[in-house]
Amino acid sequence: MKKRLYVYLFMALLSLAALGGCTGGTGESSGDKSSVVVGIQQDIDSLDPHKATAAGTKEILFNIFEGLVKTDENGNLMKAVASDYTISEDGLVYTFTLRGNVKFHSGNEVTAEDVKYSLERASGLLDGTALISTLKTIQSVDIVDEHTVQVTVDSANTELIYSFTTAIIPAGSGEDAEGTPIGTGPFSFVSYKPQEGIVLAKNAQYWQEGLPYLEEVTFKIVNSPDTALLDLKGGSIDIYPYLTDSQANELKDSFQILAAPSNVVQALFLNNADETLKDVRVRQAICYAMDKAEANEFVTGGNSVPISSAMLPAMKDYYVDLNDTYGDTANIEKAKELLTEAGYPDGIELEITVPSNYEVHMQTAEVIAEQLKKAGINAAINPVEWNTWLEDCYNGRKYQSTICGITCDMTPGYLLNRFQTDSSKNFVNFANDEYDATYLKAQASLDLGEKAEHYKQLQQILCEDAGSAFIQVPPITIAMNKKLTGYKFYPIYVQDMSTVRWAE
Amino acid sequence: MMRKVKLPKIQKWNKYFTAGLIMTVIALLLAVVGLFWTPYGTTDMSAAERFHAPSLMHPFGTDNFGRDILSRVMKGMGTTIFISTLVVAGSGGAGILIGALTGYFGGILDEAIMRVTDAINGFPSILLALVVISVMGGGRQNLIISLAIVFTPSFVRIVRSEFIRLRDADYIMRARLMGVGRARILFIHILPNIFSTFWVSVMIGFNNAILAESGMSYLGVGVKPPDASLGNMLSDAQGYLMTAPWYALAPGLAIVWVVLGFSLLSEGIRRNG
Amino acid sequence: MKYLAKKIITLIMTLFLVSVAAFVAFQIIPGDVVTSILGTEATPEREEQLREELGLNDPPVKRYVSWVGDVLKGDLGVSYRYSKNMNEMMPVTELIGDKLPVTLWLAAIAVILIIVAAIPLGVFWAKSKSHAMDAFMGVFTQAAMAIPSFFLGIIVTYLFGIVFKVFAPGGYVSYQDNFPGFLGYLFFPALSVAIPKIAMTARFLRNSMLTEMKADYVRTAYSKGCSDRRVMYGHVLRNAMMPVITFLGMIIAEIVAGSIVVEQVFGLPGIGRLLISSISTRDFPVVEILILYITFVVIFVYFLVDILYRVIDPRISNR
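Chains as they are written, first to last, in the working numbering: chain A, -1 to 502; chain B, 25 to 297; chain C, 49 to 367.
If we strip away everything but chain A, and leave its shape as in the complex, we get (with noise of 0.2 Å):
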């Protein structure tokens, strides 16, 4: 009698296995030619475009929002909600005519009030407090007619018109009581659940003729790399964008696998103020310690592009290549007579705090370890979790070195003002007068060439002045399922699925 009770159970729990596999089994979008699922590694920190600040959630409110302008592939700026801009001799007046038959996913055309309402709100003007620290510096937004804009800004900054890719929403939308967030980009918000994902839909009136090719488009938030690669085998997933070297070597015969740098400089950030470091020729010796070409190897599959300052290779205008000051592998001698200079003839012990949850930072720490020890530099990882880093080393500044990626925004000086000695993104505390004087006289300059010059020059000092040990630019690698075609690589760190289709 109980035993026949144990075999029902049984026969009903097998079947129920049987009906997952049926229903749950068919691998979803694979077959379907007009969705896609992106896996994204980590939740959305805001559906607000102008709090958001996560870069894991601007790469895609990017497919919903638009700015005035918005960046394109090369990093270069392209017209979105505005048709043309104006940017006035003394730098402080913009102009930005409209370009009328942009509709936000609600219906509306976008009007003057809307973009009024939008800069003012990101700026502070609205209610007093900036959600977007750059436009600070707007005094005014003027509406001159239904088609055109005047911003007044309090000083003259080439670099702020990047600032304007800020996205523009409805007018009274940051208040309305049911939140949908509404913009005018290719696709529109369909739902978001957290730990889950958020879906979008097709922008069938979106403004770039032809665009978007899908229906829908779905993130997953898949929570660990590893899953991931089970999820993309298993076809519940069609594009993953952060592979590790090794599991794009496992999918290669899969799937497509496209790699580009990214927008992230890693580094080994030394604490310019600690009791060691503050010798200059013990930053030099760490930095003539390491193997880059070795770190990349191991790390990145030889996919990382070497650097030696803050500055992106990608921003061609302004990027100077400096790798031959310490060079692409250690130089053991040259470390070594450093710190006997400095007075350290025995070595130093060096502690390098990683946030745990970076896998390419991790890594990176294992092999630059083993490379230091080489030197005499003893060094030790205290891996730590990612909220204790930031209170730690980069609010606190309690550390000694740190192996992290600060990621860049298409602003080419924004790598280089927090190494101003006052900056209060500054947190490896490198002083230097000189470099202070010469980012002013960057800042200042209207002429893209000088500065242009200014900024090499910055890239200089901070690099022969060792004020951190600059390692390399990692690659994004993403996989593709092998049907979908025209996934495009920004510079920046967008996940744009306008363009992306199933091949017929």
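If you're looking for bench data, these hints aren't it; they were derived computationally from the structure.
Please read all numbers here as calculations on a predicted model, not as lab measurements.
C-beta: ideal position from N, C-alpha, C; glycine also.
It cannot be assumed that every hint is accurate.
[What the hints assert, rightly or not] With a straight-line Cα cutoff of 27 Å, these simulated DSS-like cross-link-like pairs (lysine-lysine) come out: (1) C:K262 to B:K39; (2) C:K175 to B:K39; (3) A:K486 to A:K49; (4) A:K486 to A:K56; (5) A:K332 to A:K371; (6) C:K55 to C:K132; (7) A:K372 to B:K248; (8) B:K248 to A:K396; (9) B:K39 to C:K177; (10) A:K372 to A:K423; (11) A:K480 to A:K314; (12) C:K213 to A:K49; (13) C:K132 to A:K56; (14) C:K262 to C:K175; (15) C:K213 to A:K31; (16) A:K481 to A:K250; (17) C:K262 to A:K480; (18) C:K213 to A:K250.
[What the hints assert, rightly or not] Some chain B residues judged to face chain A by a derived CB distance under 7 Å, without partners named: (19) P250; (20) Y264; (21) M266.
With the hints as your guide, set chains B and C onto chain A.
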């Protein structure tokens, strides 16, 4: 009828004991040798030798940095056995003491301690570990303390329920009537009788401790890279499960080996006694 | 009745204890929700503004008291991190309410699997006369217990998902969209949860039964002429179930409280994963309620165990 449940004959338990002993001795031997000598340096990297499959040169293969996995398993085994043993000994010992007292005597002490145990049970271990690190700093010692705290309640539960069950058993009643002292009843009369059930949870605890250790090193307590522990290696290997399955297999099987060896050994001892 | 009242008072006391502990923990650990939200984009002004907005500038005691006040009024607050829409944050009740069914169903299926497999296995093992079978079961269960859980999870995913293609890894469907598909997807995660627990429970039951078989009352029962069956099921199993129930209780509490590893490996949006991510993003309102919930579950399950004890062994209530 009773023949059925008779203790197995001597040579039968001997097999468990022998098998367990051999496995444990091998594990301990590897671990001890690993302290002084390993075939290769445990942190020596080599770009040319990444992901080599097991061979004569590298019996367990190499990992993503070209490090010899056998050497790292040897080293890691020592670390892991050391940490897990201390954690289980600490939490198991505390569990026996607290469980015995609360289970046997009951009353207000029982209530108070059970409340605290419940509270620890509901409290996420990660949060606890974060608190321990920020108050006392990282490092092995604090890892062992935080894990021991986390593991204690489950032992208390088991021991307590066994003591509650046995304290009213006929032979205990009789012992009590005969005027046997409390301590003697607790530890001579009852304790040996709960070992068979207790032992199962010790083994589970041991296994969990190995894995918890790897989870904790993620937060910055415990074994830090490039040092090896079995749990650490296993979680690193996860990402290469399909390209380099041997990487996960070596520490994975080493864990199974250690835990299984200990369990068989204890089974042998138990069946003997 | 007095018993019940006592239990409720202790429950409340424990919950209070835990909530204070969690609050204190959040004061101690590095970083808060503001550092977590702003990350490397933090500027002192933006930080200050967010702290003000979230009410983090009030003194800790005041914040705790007002939080308790709100909870007592039934207002569990809103998450600091998860948005409901563009302008509002997700209410904690809605957030947890949405994730809870996933974990509960996972637990339910796993527990059914455990009971269905472990009890017959344990009884069969305890009764088995063959030494070979005994040895086999011994080694088999011990091996099953020795496999690390996430290793097992990945093996199950790999075998059933990639090799046999019985289910699509990561192909989780929400219970609101497709309930049968949801249950089907949960089967394999539940299996990975269940396998080691089946081995443990079977072992536990078998050991417990062997101990019971040696007891005096078994001899008495046999001498009274009770049948083998009656002795085994009526007496031995009944008594042997006592420690097993505690054990099962612990297992159930453990799974209902969130199977973190399995949720991670199989991509299930359950409360275990929610707890982990909320701790790492310092989402205090969510963590606090989840901890209270978990504590409540643990205590409640033990309470049920206690009652079961009394039913099985009436002597206990005479203490």
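Identify every previously stated hint that the structure contradicts and give their numbers, smallest first.
6, 10, 11, 12, 17
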